[in-house]
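Enquirer: Okay, here's what each chain looks like letter by letter:
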Amino acid sequence: MSAHNAQTMTLTLHVWRQAGPNEPGRLEQYEAKNVSPDQSFLEMLDEVNEELIKAGKDPIAFDHDCREGICGMCSQVINGVPHGGQERTTVCQLHMRTFKNGDSIYIEPWRAVAFPVQKDLIVDRSNLEKIMQAGGYTSAHTGGVADGNAILISKIAADYAMDAAECIGCGACVAACPNGSAMLYTSAKVAQLAALPQGQVEAAARVTAMADALTEAGFGNCSNHYECQAACPKGISVKFIARLNREFQKALFK
Amino acid sequence: MILDGKCPKGPIQTSWDRHRFDLKLVNPANKRKYKILVVGTGLAGGAAAASLGELGYNVEAFCYQDSARRAHSIAAQGGINAAKAYPNDGDSIYRLFYDTIKGGDFRAREADVWRLAQVSNNIIDQCVAQGVPFARDYAGYLDNRSFGGAQVSRTFYARGQTGQQLLLGAYSALSRQVKAGTVKLFARTEMLDLVVVDGEAKGITVRDLVTGEIRTHVGDAVVLATGGYVNVFYLSTNAMGCSVTANWRAHKKGAFFANPCYTQIHPTCIPQHGEHQSKLTLMSESLRNDGRCWVPKAKGDQRPPAQIPDEDRDYYLERKYPSFGNLAPRDIASRAAKEQCDDGRGVGPGGRGVYLDFADSIKRLSEGTIRERYGNLFEMYEKITDENAYKVPMRMYPAPHYSMGGLWVDYNCESNVPGLFVLGEANFSVHGANRLGASALMQGLADGYFVIPYTIANYLAKTKPGAVKADHPECKKSVEDIKANTQKLLSINGKKTVSEFHRELGKIMWENVGMARSEESLKDALKKIPVLREEFWKNVKVTGGPGELNQQLENAGRVADFLEFAELMTKDALHRNESCGGHFRVEHQMPDGEAKRDDENYCYVGAWEFKGVGKEPELHKEPLTFDNVHLAVRSYK
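Chains as they are written, first to last, in numbering that gives the first Met the number 0: chain A, 0 to 253; chain B, 0 to 636.
Calculated from the structure, these hints are not laboratory results.
Treat the hints with care, as some may be off.
Residues from chain B that face chain A, not an exhaustive set, calculated with beta carbons under 10 angstroms [to be verified]:
| id | residue |
| --- | --- |
| 1 | 170 |
| 2 | 320 |
| 3 | 497 |
No farther apart than 30 angstroms at their CA atoms in a straight line, the calculated lysine-lysine pairs in the BS3-like style are these [to be verified]:
| id | chain 1 | residue 1 | chain 2 | residue 2 |
| --- | --- | --- | --- | --- |
| 4 | A | 129 | B | 30 |
| 5 | B | 362 | B | 319 |
| 6 | A | 53 | B | 482 |
| 7 | A | 238 | B | 506 |
| 8 | B | 362 | A | 56 |
| 9 | B | 32 | B | 475 |
Some residues of chain B that are not near chain A, with every Cβ distance over 12 angstroms (derived) [stated by the list, open to error]:
| id | residue |
| --- | --- |
| 10 | 22 |
| 11 | 109 |
| 12 | 162 |
| 13 | 197 |
| 14 | 198 |
| 15 | 358 |
| 16 | 389 |
| 17 | 566 |
| 18 | 585 |
| 19 | 625 |
| 20 | 626 |
| 21 | 633 |
These figures come from a predicted structure and were not determined experimentally.
Note that beta-carbon positions come from the ideal geometry of N, C-alpha and C, so glycine has one too.
From just these sequences and the hints, can you work out the full model?
Expert: Listed below in structure tokens is the structure:
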């Protein structure tokens with residue numbers, strides 16, 4: 000605890016409360032007191048929930064798990080921005096030192112047609128699963144594969160694939176997109192596998208199947224707003240969307 | 000009872016190959032008649048469900064998260080070991096086997112560890128085929144780094160997110176099987192009971208975490224891959240949802256719990272910042288490749304680190320363990336850090352921290368190189384601490400990270416309850432009393448891809464498919480029991496929250512059953528735990544109802560189980576009157592403070608049988624024999 004962070008804050012929260020998928024929702028106001036700047040955003044919410052429970056009220060339901068920015072479970076729109084607008088940061092890694100005493104904070108769930116609200120800040124993201132199941136893999140069987148060094152992969156291709164593979168599947172890209180599109184999410188997997196020799200064999204079938212699944216699941220189309228890239232906690236670049244489009248065009252001629 | 004691990008006899012080098020030939024098979028046309036329930040979708044469970052589905056079995060897979068991709072394997076940073084020996088630095092299957100046995104302080108089964116080392120190479124090949132983007136050198140070959148407890152570079156990695164990439168590989172294989180219809184996935188579903196029929200595992204009772212529905216799934220075999228239990232300490236590096244619940248409920252239905260006192264305290268975690276902290280964050284062991292651990296030589300030296308000259312610093316790991324230096328194994332590095340802080344030479348708030356300093360490496364290699372190797376870790380460190388580790392050294396303190404103990408299994412990964420298989424961190428099998436870095440990922444994938452697909456057939460071939468139906472009285476009873484338990488939790492309506500109880504339990508465990516344990520501290524814990532447990536069942540407040548998404552109720556069930564499990568863990572620690580690996584009894588140490596084993600009396604696996612809450616559990620022993628490595632005092636000097 001560094002000395003300059005010793006002061007605590009009082010904040011006003013406006014939180015989306017919704018009892019179930021078919022219930023009406025509304026913003027409710029809460030006060031968060033004695034918030035330490037070293038606390039994480041979710042730890043601040045934990046404290047608010049403890050107070051609610053003690054008062055016999057239903058605590059705020061929100062998704063979270065690893066609390067170290069990698070599982071992709073946490074999903075809140077904070078002051079209108081998915082994950083709160085700090086560059087390359089998930090909600091769980093957002094710390095209270097980025098807020099000031101007296102601030103009002105608006106907290107809402109991901110908003111997208113393809114992500115129905117289940118309760119309060121929790122949404123159903125199973126539509127993302129359908130895109131993966133459509134083709135987000137190589138069809139390698141367990142066992143019987145070649146030695147890891149049998150097929151050389153240039154460092155450039157491996158690094159490019161890794162840049163794409165860093166996606167944590169949180170869905171912030173969808174929540175940020177005015178069209179509710181999952182194009183960045185889908186493109187990251189398409190590009191990762193298309194860049195590697197192991198994934199190239201099925202590249203055409205994969206991109207077609209994943210693009211179809213994306214539309215079927217109710218996600219919108221991409222119209223190059225690039226909000227997804229700005230909101231992505233892992234800094235996934237929109238260049239992968241260009242790659243997806245290119246792979247898609249290539250597939251049309253196969 | 001003396002337990003038999005059913006390890007193959009004869010030369011260890013061919014043990015797994017011979018055993019595979021001896022195992023029974025299920026023919027392809029019959030596989031689809033069998034249903035296998037896989038609980039947990041991390042590296043072990045995800046790999047198992049995908050591989051079993053691919054073989055043609057009917058698989059149902061369960062996870063409490065909203066997607067199989069979010070299991071906590073995803074948080075592993077540094078890497079995965081394999082005996083490829085690509086760097087030509089003297090590695091071999093035998094050396095990986097030897098290092099793992101030694102690293103575990105001679106408390107693991109030789110045959111299991113040999114198999115792990117043998118299949119480690121297949122894992123790398125499998126992941127590459129799945130499109131896992133491992134780090135490569137400029138010629139296009141796979142790159143390696145070093146990890147603690149080894150003098151060779153055998154760790155494969157994908158930046159600082161190796162666990163994520165390996166899990167996404169398994170998850171993609173799983174997704175392929177879901178599409179193919181061989182695996183049915185149940186996300187946001189938590190296992191709350193094991194259904195045992197005529198002594199064999201035939202189903203699980205689960206709670207749908209969205210609707211609150213409690214129902215039973217029946218199958219021909221159950222595979223638990225449900226991770227570890229160090230959230231018993233409340234603050235740990237585990238995800239918030241990690242719990243002992245699946246394992247504990249299976250234990251209450253007859254599965255033995257082996258070596259619960261073997262817990263790993265990881266040396267390099269970001270120190271605790273305050274009372275309201277919910278979890279601790281690990282910084283990869285790989286950082287010790289280039290970071291040097293030190294504390295000031297003088298007690299209470301308050302100077303900023305940059306103003307402390309080299310001669311006033313104590314690079315304590317390099318001093319104490321010159322041949323392994325900063326890459327000493329985790330248990331040793333953790334205790335050394337604690338020792339410096341206990342001695343009044345710790346840094347940061349409350350003096351509970353040591354420096355991990357990159358200044359020399361930045362000077363030698365450039366900041367750019369360090370950024371390329373560990374950029375994401377430095378970024379994470381800055382987000383949490385508000386400090387730039389390229390400029391000032393990181394502050395680190397040990398934190399609970401991993402459990403080597405788990406449900407007892409034989410060489411086939413089958414528990415003492417026939418039909419119940421346990422994989423990955425959830426079992427006790429390969430890490431002995433201390434796990435080496437980059438070995439958890441190896442074990443999870445070894446068990447899931449390359450062990451269970453062979454060994455489960457041996458059980459299934461002896462059973463009739465679909466023998467137990469969903470309307471079996473045991474299923475009904477299980478559902479009723481779970482419903483009653485849920486109702487009980489909701490009806491107490493006391494004054495303290497679930498988190499308050501968890502935090503109190505964590506404090507008892509960390510202070511009494513943590514990095515240093517004594518007869519006195521353990522007996523103290525055994526007094527306090529039952530009192531807290533009793534209070535929980537009288538005074539806990541759980542809001543909401545049973546038939547809805549209710550996170551308080553979920554957490555209450557998990558904490559209730561930790562309150563029972565903690566007692567067993569403490570009893571195991573008290574009974575094991577020796578120090579070994581992560582289990583350090585202060586009464587048993589060498590003059591220089593190293594762990595002192597007692598091979599004459601404790602060279603066995605301690606597996607406990609449940610006899611009722613608050614009742615004395617029964618200890619069963621599986622003697623450990625070492626035919627291929629010499630049982631010796633572990634030295635990293």
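Enquirer: Hold the hint about residue 320 of chain B up to the distance rule: shortest CB distance to chain A must be less than 10 angstroms.
Expert: This interface hint is violated because 29 angstroms lies over the 10 angstroms limit.
Enquirer: Should the hint that residue 497 of chain B touches chain A count as held when the rule is a Cβ pair under 10 angstroms?
Expert: Holds: closest Cβ of chain A sits about 8 angstroms from residue 497 of chain B, inside 10 angstroms.
Enquirer: Taking the closest pair, is the beta carbon of residue 162 of chain B still more than 12 angstroms from chain A?
Expert: violated, 8 angstroms
Enquirer: Does the claim that residue 626 of chain B lies off the interface hold, with its Cβ farther than 12 angstroms from every Cβ of chain A?
Expert: Given that every Cβ of chain A is farther than 12 angstroms from that of residue 626 of chain B, nearest at about 29 angstroms, it holds.
Enquirer: Checking the smallest CB distance to chain A, is residue 625 of chain B really beyond 12 angstroms?
Expert: holds, 31 angstroms
Enquirer: Is residue 362 of chain B within 30 angstroms of residue 56 of chain A, Cα to Cα?
Expert: The given pair, whose Cα atoms are some 56 angstroms apart, is violated under the 30 angstroms limit.
Enquirer: Does residue 358 of chain B clear chain A by more than 12 angstroms, comparing its Cβ with all Cβ atoms of that chain?
Expert: holds, 20 angstroms
Enquirer: Taking the minimum C-beta separation from residue 109 of chain B to chain A, is that value above 12 angstroms?
Expert: Residue 109 of chain B is indeed farther than 12 angstroms from all Cβ atoms of chain A, at 25 angstroms.
Enquirer: According to the definition I'm using, a residue is off the interface if its beta carbon is farther than 12 angstroms from all beta carbons of the partner; does residue 198 of chain B meet that for chain A?
Expert: Check passes; 31 angstroms lies beyond 12 angstroms.
Enquirer: Tell me if the interface restraint on residue 170 of chain B is satisfied: Cβ within less than 10 angstroms of some Cβ in chain A.
Expert: holds, 8 angstroms
Enquirer: May I ask you to check that residue 197 of chain B keeps its beta-carbon over 12 angstroms from the closest beta-carbon of chain A?
Expert: Holds, since 32 angstroms exceeds 12 angstroms.
Enquirer: Just checking, residue 389 of chain B versus chain A, shortest CB gap more than 12 angstroms?
Expert: holds, 17 angstroms
Hint violations for this structure: numbers 2, 7, 8 and 12, all remaining hints satisfied.
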